[in-house]
Amino acid sequence: MDAGADSTMAGFLELAAQNILSPVVLFFVLGVAAALARSDLSIPEAIAKTLALYLMMSIGFKGGVEVAKTGLTAQMLKTGAAGIVLSFLIPVLGFHLLRLVSRLPAVDAAAVAAHYGSISIVTFVAATEALRGQGFTFEGHLVAVAAIMETPAILSALVLARRYAPSAADAREPIGPLLREIGLNGSVVMLLGSFAIGWITGPKGLEPVAPFLVDLFRGVLCLFLLDMGLVAGRGMRAGWKDLSAATLGFAIAMPVVSALLAAALVPLTGLSAGGAAIFVTLAASASYIAVPAAMRIALPEARPSIYLTLSLGITFPFNLAFGIPLYQALAAFTVR
Amino acid sequence: MDAGADSTMAGFLELAAQNILSPVVLFFVLGVAAALARSDLSIPEAIAKTLALYLMMSIGFKGGVEVAKTGLTAQMLKTGAAGIVLSFLIPVLGFHLLRLVSRLPAVDAAAVAAHYGSISIVTFVAATEALRGQGFTFEGHLVAVAAIMETPAILSALVLARRYAPSAADAREPIGPLLREIGLNGSVVMLLGSFAIGWITGPKGLEPVAPFLVDLFRGVLCLFLLDMGLVAGRGMRAGWKDLSAATLGFAIAMPVVSALLAAALVPLTGLSAGGAAIFVTLAASASYIAVPAAMRIALPEARPSIYLTLSLGITFPFNLAFGIPLYQALAAFTVR
Amino acid sequence: MDAGADSTMAGFLELAAQNILSPVVLFFVLGVAAALARSDLSIPEAIAKTLALYLMMSIGFKGGVEVAKTGLTAQMLKTGAAGIVLSFLIPVLGFHLLRLVSRLPAVDAAAVAAHYGSISIVTFVAATEALRGQGFTFEGHLVAVAAIMETPAILSALVLARRYAPSAADAREPIGPLLREIGLNGSVVMLLGSFAIGWITGPKGLEPVAPFLVDLFRGVLCLFLLDMGLVAGRGMRAGWKDLSAATLGFAIAMPVVSALLAAALVPLTGLSAGGAAIFVTLAASASYIAVPAAMRIALPEARPSIYLTLSLGITFPFNLAFGIPLYQALAAFTVR
Amino acid sequence: MVDMHPKKRVEIVVEAPALHRLTDALDRAGVTGYTIVPALAGRGRGGSWSGEGLAGDAGRMVIVVSIVDAARADAVVSGVYAVLARQIGVVSVSDVAVIRADHF
Amino acid sequence: MVDMHPKKRVEIVVEAPALHRLTDALDRAGVTGYTIVPALAGRGRGGSWSGEGLAGDAGRMVIVVSIVDAARADAVVSGVYAVLARQIGVVSVSDVAVIRADHF
Amino acid sequence: MVDMHPKKRVEIVVEAPALHRLTDALDRAGVTGYTIVPALAGRGRGGSWSGEGLAGDAGRMVIVVSIVDAARADAVVSGVYAVLARQIGVVSVSDVAVIRADHF
Ligand SMILES: Nc1ncnc2c1ncn2[C@@H]1O[C@H](COP(=O)(O)O)[C@@H](O)[C@H]1O
Ligand SMILES: Nc1ncnc2c1ncn2[C@@H]1O[C@H](COP(=O)(O)O)[C@@H](O)[C@H]1O
Ligand SMILES: Nc1ncnc2c1ncn2[C@@H]1O[C@H](COP(=O)(O)O)[C@@H](O)[C@H]1O
Ligand code: NA
Ligand code: NA
Ligand code: NA
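One line per chain: the protein sequences are A, B, C, D, E and F, in this order. Be aware that the first sequence starts at 1, since it is given in the working numbering, and climbs by one per residue. Be aware that the second sequence starts at 1001, since it is given in the working numbering, and climbs by one per residue. Be aware that the third sequence starts at 2001, since it is given in the working numbering, and climbs by one per residue. Be aware that the fourth sequence starts at 3001, since it is given in the working numbering, and climbs by one per residue. Be aware that the fifth sequence starts at 4001, since it is given in the working numbering, and climbs by one per residue. Be aware that the sixth sequence starts at 5001, since it is given in the working numbering, and climbs by one per residue.
Please keep in mind that the hints were generated in silico from the structure rather than gathered at the bench. Glycine included, every Cβ here is placed at the ideal spot set by N, Cα and C. Treat each hint with caution, since some may be false.
Pairs of lysine to aspartate or glutamate, EDC-like flavour, derived with a Cα cap of 16 Å [as the list claims (entries may be wrong)]: (1) A:K62 / A:E129; (2) C:K2204 / A:E129; (3) C:K2062 / C:E2207; (4) A:K62 / A:E207; (5) A:K204 / B:E1129; (6) C:K2062 / C:D2215; (7) C:K2069 / C:E2207; (8) A:K62 / A:D215; (9) B:K1204 / C:E2129.
From the structure, some residues in chain D lie toward chain B, with a derived Cβ separation under 7 Å [unchecked claim]: (10) E3015; (11) G3047; (12) G3051; (13) E3052; (14) G3053; (15) L3054; (16) G3056; (17) D3057; (18) R3086; (19) Q3087.
Hey, can you work out the whole structure from these sequences and the hints?
See below:
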């Protein structure tokens, strides 16, 4: 290792420490701890849903306002294309990796792979917060890229399942309505709708709603991460027994693999350092809201105790605590 | 048309455009679009109720604080009296108009008419936001006038129904408890209670709660209008088949008629330009929370698919997008 | 009475008036009035729970940040010890006082006593708001003291019940799991967890979440007190018939007795004038969330209509309106 | 073994604005108790509804469950019917067995 | 006295993501209506679940209650079964009596 | 046609703070599952209650529904009774038929 790498490592460790001691991560830890200790602390379902919608509304609106400033650029289309490619590709990679290292049935492997190809908006948000804390900016259109990357992975996973687990994933279920359902999913509509509104109204439209959509954002995020910690901790307690060392290892290796893949595509997108970090984080993140619901319909034989525990119980905390600074360091290389 | 009217028209068009492209209206449009596209985007009931209460709390408190500054004036009593007259009168007008142009049964016509005599707080709020955006102020006591105008229309409609649809609206249901129920309706109590508290504590009391009650207001309003759009869109999809061209036309003509009536009364009230615009908007607005619930009790034979679709599905969007700038222009004439 | 006492009395009356006319108290009064008038005004359960969690999160975090500034001190341990002593002692006193003045069965008396030994976080918060309004500060670690004082009173009450009402409080119910349940109670975990996070992150961690956790606090408190007023009013209407003049008197005398007891301990703690006022208020406050739930498990024969009405219907409003300024005046003596 | 006593379980899906009228009717019919359960959405001959996003009571349904003595079931159903005849709602009655008969 | 008519009450505990498929199946089976009731938490052979804190539909159950004509009950249960065979859920059927038979 | 199997449906209205004790009793009695349903409000001999505005568990009721084998119903009701004897609550049992008997 040369001096540059050394200082990169030192920088990474500092980033990681700073990240882990942020209120956002600590509230997640509090949630996990409370759930594991069987505290009755809980956030009502109606509130959890609304917090998620609020986050979509806020990041969508703010992203749209950014795009209103810059206008539509070729960079956006390139980044979007790269995102779609990743969302299609990662599940294929993930599926075969999982089959290689574990004895998971094909239908479970396909469902897990779908989660890793899709994205997690909260991981996205946590990455933007970490960046902002260091004075980085990022391209507003990445919000739209995040929305676009939600769905292709599901398609990929279905194709895999139909090929490798034909009995579980028979062709009875038409794929069109399913994709429509996922595309019109409430959180996607909220994200893209708010993005469009932000784009239309621009900075002038953001101003009067900023105390709600901007100023409260980080505090609300803490509350939402507490909630995610509670749900993740409950899931860990219940899902533990269905997991093997191989699947656990996958849940940590796969995001890193996806991040490397995304990093390789960054130069084609022309993203800034901040934007690249977000893009890589998106690729590395795993869905835990939209894809699980889609899998219950498309691949009901796949076990939620496996895919939810891996995505929400292992990968999400890993990304939150270690992945985000790691991907940021990785992205820094790609834009030099 | 002379030059003055020309510039008024140009001013109106600019106002209308500005209004339609405000985040508040765009979020309503997003909600309608999502509902029509059958997205599963939805705001939990508990949240919708609380957002409505928050709006009442905020406008009540702020209105009371304004009144604390000016003290009780004769203008308030005059405006209140004018409001009560309108709330009694508009249903009579609406009922006969509706019977004239459509073949709606008398009980349905009476129920619809009640909605147009009463008021919509969100329309009120949207009008105040539009005004504030242009630097206008308005009299704080109009909040109390809004509360006062909620109920008389119901009484009017019951009298009409008992006269023209005696079988549906028999005298079995005593009218006293019903009016008490409506008067003690949660949103009325919240509005008037917060108004009283604002009046008592004055600007000094508002200060510590302003970040919650004032700063967040517009952002919360966006979320609430998204919700109203979702509900209105769902209602449009379901209620469409029960409506005729005549009733649809009524839902657009009636608010304009009410606005003209109110404009005629403005000179008697001594309201400012901003206050007059609000007063005219109140008259033109149609209830969609308090009156529908009252009608289910008082006139259960009347079909909600008709009155809710007209009030929430047609008149509310019309007022939000076109009515508010129109009423403002109209009011400008009356206070010259 | 000498001149000093005179001016103290005048000061107290002014404090009391100022307190009663604060928005927080007025919203409580609005809630009680609405409930007594049988208005259907209500806050959904999911919202009420979340408002309570928000208050815990906010005061916990802010308290932790204060402690991060000062570091761990001997004063904290002393105050904590004094709090634990009070929480154990007050129920014993309360139980015997209640048995002396009323004919309440022992099991009811023990349950009531548990409430007065434990604490009410909202009373705590209302006291801090009143202090802040006058420019006082208080020690951040009192938040942890509040959490610590929740549980010992329950233990005390169980011992009393097993001794004086052996048939109702038989030894079937093991006490360990019960205490664990209470200690891991959601609101305690939220309070202590946020306290720890605030302590870890310090003022730098508070900054980004301050618009949510600090600025909104007072407005949210108003909404929560409206809700408490509604619940208290409903409870008054229902619980009235189970109460006697003696128990009612107890609900006003007991907090004053507890306050005197706490005031006697203040010199041992080394608290500031503000801190002493809070400490005395904690002792005088009575639980209405954690202890009632614990009593339903530990002493199911005790009647909630009695302990809830006394704690939430009498003592809480008394403390809110008169107690807080009184305890503040009392505390002022102890730190001279 | 715990002794069981035959009762009737009356389940009423009723529009929310008419809830108070319904519980008043149950009170008048002398039921010893009832429990109100929320409904999220539904469909009937009058089309479908959903409580989502509603800030008011109109257009929402709730469910009232009351366990009543068989001897009183007829009176209860009649009382309920008198209210519901003009409102939106569905009433069904089934046989159940309860412990603690003195409760009903 | 109010006339009562025998019907079947079908109660289905179903995972939330499959709800639309279930209500579509009910529609196809020709039921005249149904009401959806929230569930907070539960336990089955597959372990326990809770809706608390969930921002999405996966991992949550809801309950659908439909009162159907006895003659149609078999068809309804078959239709429901076709959907539920692959999903998480429980179906139970009981006898009820209703007023206003024309409603069903 | 789908095969149906007779079972018992046990419905328990129980005060929220005692919920865990109740589900523990159900677990001990060997039920294969249960579903918890929220209650909004109610009235009993002890007066009326409402969950509205409550930040805590005290004063609120929930409903637990468990479908059990007829052979086990007695044991379940006894187990439930042992918990509920000291708590606020109501238990009722009815006959139902289920598909997928292996589930219970
Ligand atoms: N057969 C049924 N089974 C269960 N619930 C029903 C049934 N029919 C109607 N409902 C409920 O009652 C509401 C009103 O029914 P209707 O008056 O038929 O439109 C529906 O939206 C459902 O929530
Ligand atoms: N015997 C039962 N009684 C009532 N609800 C049940 C029963 N079995 C399962 N459930 C519900 O159905 C869900 C899924 O059940 P399972 O597929 O057995 O895991 C459970 O979590 C419960 O909510
Ligand atoms: N007959 C009944 N039918 C349905 N629910 C009941 C009945 N009796 C009591 N409950 C419920 O159980 C709670 C407690 O009842 P009680 O112990 O009689 O006060 C009531 O508030 C109702 O929610
Ligand atoms: Na991904
Ligand atoms: Na009007
Ligand atoms: Na105390």
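Here's how the hints hold up against the structure:
1. Between K62 (chain A) and E129 (chain A), the direct Cα distance comes to roughly 13 Å. Compliance with the 16 Å bound is thereby established for this hinted pair.
2. Of the supplied pair hints, the one linking K2204 (chain C) and E129 (chain A) holds, its CA atoms being roughly 14 Å apart against a limit of 16 Å.
3. Annotation: proposed proximity of K2062 (chain C) to E2207 (chain C) holds, straight-line Cα distance about 11 Å (limit 16 Å).
4. At roughly 11 Å between alpha-carbon atoms, K62 (chain A) and E207 (chain A) fall within 16 Å of each other, so this suggested pair holds.
5. A distance of roughly 14 Å separates the Cα atoms of K204 (chain A) and E1129 (chain B); the hinted pair therefore holds under the 16 Å criterion.
6. Of the supplied pair hints, the one linking K2062 (chain C) and D2215 (chain C) holds, its CA atoms being roughly 12 Å apart against a limit of 16 Å.
7. The hinted pair formed by K2069 (chain C) and E2207 (chain C) meets the criterion: a straight-line CA distance of about 14 Å does not exceed 16 Å.
8. Distance restraint check for K62 (chain A) and D215 (chain A): the Cα-Cα separation of roughly 12 Å lies within the 16 Å cut-off, and the hinted pair is therefore satisfied.
9. Of the supplied pair hints, the one linking K1204 (chain B) and E2129 (chain C) holds, its CA atoms being roughly 14 Å apart against a limit of 16 Å.
10. The restraint placing E3015 (chain D) at the interface with chain B holds, with a minimum CB-CB distance near 6 Å, inside the 7 Å limit.
11. Below 7 Å, beta-carbon pairs count as interface contacts, and G3047 (chain D) has one with chain B at about 5 Å; its hint therefore holds.
12. Restraint check, G3051 (chain D) versus chain B: the minimum CB separation of about 5 Å is within 7 Å; hint holds.
13. This hint holds: E3052 (chain D) has a C-beta 4 Å from the nearest C-beta of chain B, less than the 7 Å allowed.
14. Taken as an interface hint, G3053 (chain D) checks out: its beta carbon lies about 5 Å from the nearest beta carbon of chain B, inside 7 Å.
15. Look at L3054 (chain D): its Cβ gets to within about 6 Å of chain B, closer than 7 Å, so that hint holds up.
16. Proximity of G3056 (chain D) to chain B holds as hinted, the smallest CB-CB distance being about 4 Å (cut-off 7 Å).
17. A least Cβ separation of about 4 Å between D3057 (chain D) and chain B falls short of the 7 Å threshold, and the interface hint therefore holds.
18. Interface restraint check for R3086 (chain D): the shortest CB-CB distance to chain B comes to about 4 Å, inside 7 Å, so the restraint holds.
19. Taking 7 Å as the C-beta cut-off, the interface hint given for Q3087 (chain D) holds, the closest approach to chain B being about 5 Å.
Taken one by one, the earlier hints all hold for this structure without exception.
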